[in-house]
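**Student:** Model the full assembly from the supplied sequences, consistent with the hints where possible.
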Amino acid sequence: MSALSLLPARRPVPGVFVALTLTLAIGWLVVLLDGGQLFNQSTTVSLLHVAAGLGLVAVGQTLVILGGSLDLSVAYVISLSTLVAAETMNGSDGALLPAVGLALAVSAGIGLLNGLLVTKLRVNAFIATLGVGLLLKGYLDNGYDGPAGTTSPTLVQSLGYQRIGPVPVSFLLLVAVTAAAWFALSKTRFGHHLVAVGGDPEVARLSGVRNDRILVTAHVLCSMCAGLAGIYLASRLGSGAPRVGTEGLYDLESIAAVVIGGTALAGGRGGVIGTVGGVLLLASIDAIFNQLEVDAFFKQVIRGAIIIAAVAVYARRAMRKAAA
Amino acid sequence: MSDPPPTPLLTLRGIGKSFLGVRVLDGVDLDVAPGEVHAVVGENGAGKSTLMKIVSGGYAPDGGTVEFAGEPRTFRGPRDAQRAGVGIIHQEFNLLPERTVAENVYLGHEPVRRGLVDRREMLERTRRLLDSIGETALPADARVGQLGVAQQQVVEIAKALALDARLLIMDEPTAALADHEVELLYGLVRRLQERGIGLLYVSHRLKEVFDLSSRITVLKDGRRVTTVDTADTSADELVRHMVGRELSSYYPDRAAPEDRGPVRLNLRDVGNRKLRDVNLQLRAGEVLGIGGLQGSGRSALARAIFGVSPFTTGDVTLDDRPVRLRSPRTAMRAGIAYVTEDRKGEGIVGRQSVLDNALLASRAVFAARSGRAARTVRVRELLAAVEVRGAGDDQEIRFLSGGNQQKVVLARWLALNPRILLFDEPTRGIDVGAKSAIHDLVRRLARDGAAVLMISSDLPELLGMSDRIVVMRDGHVAGELPAGATEEEVVALAVGTTREMAQ
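Chains as they are written, first to last, in the numbering used here: chain X, 1 to 324; chain P, 1001 to 1503.
Warning: the hint list may mix true and false statements.
Said to hold, decoys possible - Stretch by stretch, here's where chain X covers chain P in the computed footprint (C-beta under 8 Å, at least three residues): (1) 1075 to 1082; (2) 1098 to 1104; (3) 1112 to 1124.
By construction, these hints were calculated from the structure, which means they are not laboratory data.
A virtual CB, placed ideally from N, CA and C, is assigned to each residue, including glycine.
**Tutor:** Next up, the structure:
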């Protein structure tokens, strides 16, 4: 291997954006032939709304997955967060900020618990976060039969329905959170250390990285992202909803978006930009199928196929890289 | 050089450590002066690596004191040791293949400006570091996974240097390096010495120990046997301290001409992406040595024969029958075994037991149920025969020393009764005692009729073990040498001097 053949480690554009462009192009054509219009105002807006909700969760999920962990409790954190926010606001604008703060704090607390279970008690992340999720599910099922609380009207008008042209404010929030996460990953020590912990915990430890602290922080941030998604959903629904997280399949969909976005499930490789691509891809497929009025079950089949295909493509790439 | 220096940088007194009830270190004393290269040698599992990890904060000692720069210290972790000025280059690479050279070098202490990682500064400093050790060709923004073994080693060294260490531990730093790279390392070690940095140098290669060190400490079974001034000792004496055996009884006898059987494996004009027009015959009963530099196609040849990255051109015959070795499984079925170069990555399953590791190949090739008990009995016998020491069959293999791990890998392949054995650096990172045990074993296999192909970067080993030597260069056979060739002849073929170029 000669030094000349070494290319600088510039990341190529994640393949997911190629897939996204193709999907949109084909979708546009098919919808057109069907006599519809994919990119009218209302479909674009609803696509971006779907992307905003899932995106907030998936960006957080990217952080823990990069660190070699995983969070299956996000769906319940979302539900809890909608309730905490809506019940604290109780329909008044005065309690808006305290309610948002409380919802985020509760989420952060759950993230802390997840992180400590994974690092200090060395419980496998899959089991630890599943367990914490079931704990929350018990609390939610026991305490709530249906919607509770009322979201402050200001929040509903702003985060829930305000938009600039076809772009909802909530999508801009996703852009901001993504930018912050990207910045944290590439420009801060925390980000560098997180990728190192995910790549090889032993290497990180021997290089002086405080693995536990890094991973706990990632879990806290992940849960806070889920909490933020909950606040957004509360602003859409106008109240707290105890099942919104699980019914939206936010746990598995967020992991799917991360994987489609090119982040290695084992950690150490990937990033949030790809994840947003994955989110947009899933949301686009949703929008296209809604336009075509495709059967909901068939939709799930297609999504499943796409996730498997994405992982297969990345696995092939990794093999080629290893062979080179 | 014989005067003990007045103010040692590092003083260890009575260091002890146990793992899972096994005493690994017992009352070890050692000191290192600034600017001194203190070599630590010892057999398989003598406790060298554990001792180094204690000095660098990787493990806490059960007993004894560590004094660094005149103060008693208890390092709470590697970060703590690094801050104090102890750097370590580990025997196995500790790098992130997905990250760049600079990101690896500065992992854990990235330069920051206004709280943010200063990527430009990081690249610049890495470049300067690489320049200072004469590695100007290595780009600081290359992904480490794209680099070859030797270049990754350079990154490891740069990583340790970036810490401004006052004490640098080198655990088998040359194990993965080619000869000309070892020369570079020598220069680097001397430059570090001039800067007053103390070095703890662990190596199995006695030549290096004599070239570089001023004092040598010999460990055996977790205890310090002696500490001697390098000038006052000899290789023979050191080996006696380590294993109680003379250097001359090192290599087993070669095969007599009548022991050589028919051609087992015949390669005609074979090639693939890394090899071209290779012609080679491997006979039953012989040890064929393969020499050459890193990346000359030695490992690619073994991997192609074993079907890992198969030949794409040419013909292969096995016992005069044409075969296509498409995958390791077909190769194994054909009676070929392959002991890989990268033991940690490809040789062992770290978290499985010794027995599971030894049974791996048999389980994969034979039907699940038939003769399972008999197979287990046979593998246990083989494990005993190759003398795996210091561990039960149920222990996770990652807790074993390198030499013992290699013996388990050998037992795994012997369980298949292979007719052709491919060894890729069979004794890399393995101490003298286990080394000669493996040499004996290799020769015994050949004597029993197996055809052995052995790749080695260790020239004395290559010359001492081989009945014939084929030297490779740039993916093809540069030439063949008979037994009794000299180191110079091998090197001349490997680097391609005038004689061969004229052909």
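**Student:** Between the region 1075 to 1082 of chain P and chain X, are there enough contacts, at least three residues with CB-CB distance under 8 Å, for the coverage claim to hold?
**Tutor:** holds (count 4)
**Student:** If you count the residues of the region 1112 to 1124 of chain P with a beta-carbon closer than 8 Å to a beta-carbon of chain X, do you get 3 or more?
**Tutor:** Check passed, 5 qualifying residues.
**Student:** If you count the residues of the region 1098 to 1104 of chain P with a beta-carbon closer than 8 Å to a beta-carbon of chain X, do you get 3 or more?
**Tutor:** As far as the region 1098 to 1104 of chain P goes, the hint holds, because 4 residues have Cβ atoms under 8 Å from chain X.
Violated hints are absent here; each numbered hint is respected by the structure.
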